[in-house]
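Can you make the complete structure from the sequences, with help from the hints?
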Amino acid sequence: ELKVEQNPLFLSMQEGKNYTIYCNYSTTSDRLYWYRQDPGKSLESLFVLLSNGAVKQEGRLMASLDTKARLSTLHITAAVHDLSATYFCAVDIGGSGGGADGLTFGKGTHLIIQP
Amino acid sequence: DAGVTQSPTHLIKTRGQQVTLRCSPISGHKSVSWYQQVLGQGPQFIFQYYEKEERGRGNFPDRFSARQFPNYSSELNVNALLLGDSALYLCASSYSGANVLTFGAGSRLTVL
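Protein chains in written order, with this note's numbering: chain A, 38 to 152; chain B, 829 to 940.
Hints in this document: simulated from the structure, not taken from any laboratory.
From the three backbone atoms N, C-alpha and C, an ideal C-beta is built for every residue, glycine too.
Hints may be right or wrong, so weigh each one.
[Claimed, not checked] Below, computed lysine to any residue pairings styled on SDA-like, alpha-carbon distance capped at 25 angstroms:
1. K841(B) x T938(B)
2. K858(B) x E903(B)
3. K40(A) x V928(B)
4. K78(A) x D890(B)
5. K144(A) x A933(B)
6. K841(B) x P76(A)
7. K40(A) x G96(A)
8. K40(A) x Q872(B)
9. K78(A) x S914(B)
10. K144(A) x E42(A)
11. K78(A) x V939(B)
12. K78(A) x P898(B)
13. K40(A) x F892(B)
14. K78(A) x F888(B)
15. K78(A) x T837(B)
16. K78(A) x L867(B)
17. K40(A) x L867(B)
18. K78(A) x S855(B)
19. K93(A) x T65(A)
[Stated by the list, open to error] A few chain A residues that don't get close to chain B, going by computed Cβ distances all over 10 angstroms:
20. S49
21. Q51
22. T64
23. S82
24. S88
25. L98
26. V117
27. H118
28. K144
[Claimed, not checked] Covered stretches of chain B, going by a simulated chain A footprint (3 or more residues, C-beta under 8 angstroms):
29. 860-870
30. 876-890
31. 929-939
Right, here's the structure in full:
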């Protein structure tokens with residue numbers, strides 16, 4: 038059974054600081070997704086990582102994937118309040134973008150960025 | 829372009845009742861997936877449909893069923909509701925099931 042573990046599960050940080058969220062998974066996969074969820078809202082796709090060594094950046098967020106270590110990271114640079122949200126990583130072991138096996142999500146990292 | 833639309837947005841049922849949730853995918857998307865998100869947890873995969881056929885099923889009891897219509901919209905049915913079925917039910921669509929999923933806003937079900 039695929040296990041996806043995120044840490045930390047809760048993070049409170051100050052604006053301007055840097056931090057990294059970690060996502061470990063237990064089964065070989067080369068497709069990993071990061072989603073953002075605001076309170077009471079749906080999931081917004083942030084990054085799709087499709088191969089070992091993949092790195093994607095959007096604004097203050099950067100995601101990377103190491104398939105050999107079964108590890109993905111989401112790095113936040115110079116955090117701002119607007120980035121406060123819950124961040125989920127999700128792994129696709131079917132190689133079909135969430136097909137027959139669906140996506141397996143971590144429990145999420147609840148991020149609060151304080152002024 | 830309209831995104832993934834779900835209805836109803838909120839509903840309250842009592843134990844033992846049945847519920848039907850509806851989903852319209854993005855125009856041109858042929859695959860619909862359903863996920864259950866319990867408060868404080870990540871979404872859990874329930875079903876995936878592509879071209880009106882079930883392509884995948886998660887670890888949910890037979891009380892959960894779904895179908896996809898010729899226009900690619902989908903319904904999720906849950907029978908004999910339990911308190912533990914209280915959750916946000918998310919529908920996601922993609923072109924073929926092999927693409928990034930786009931999620932709808934969800935249907936929040938409360939079972940009393």
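*Which hint numbers doesn't this structure obey?*
Hints 4, 7, 12, 23 and 28 contradicted; others consistent.
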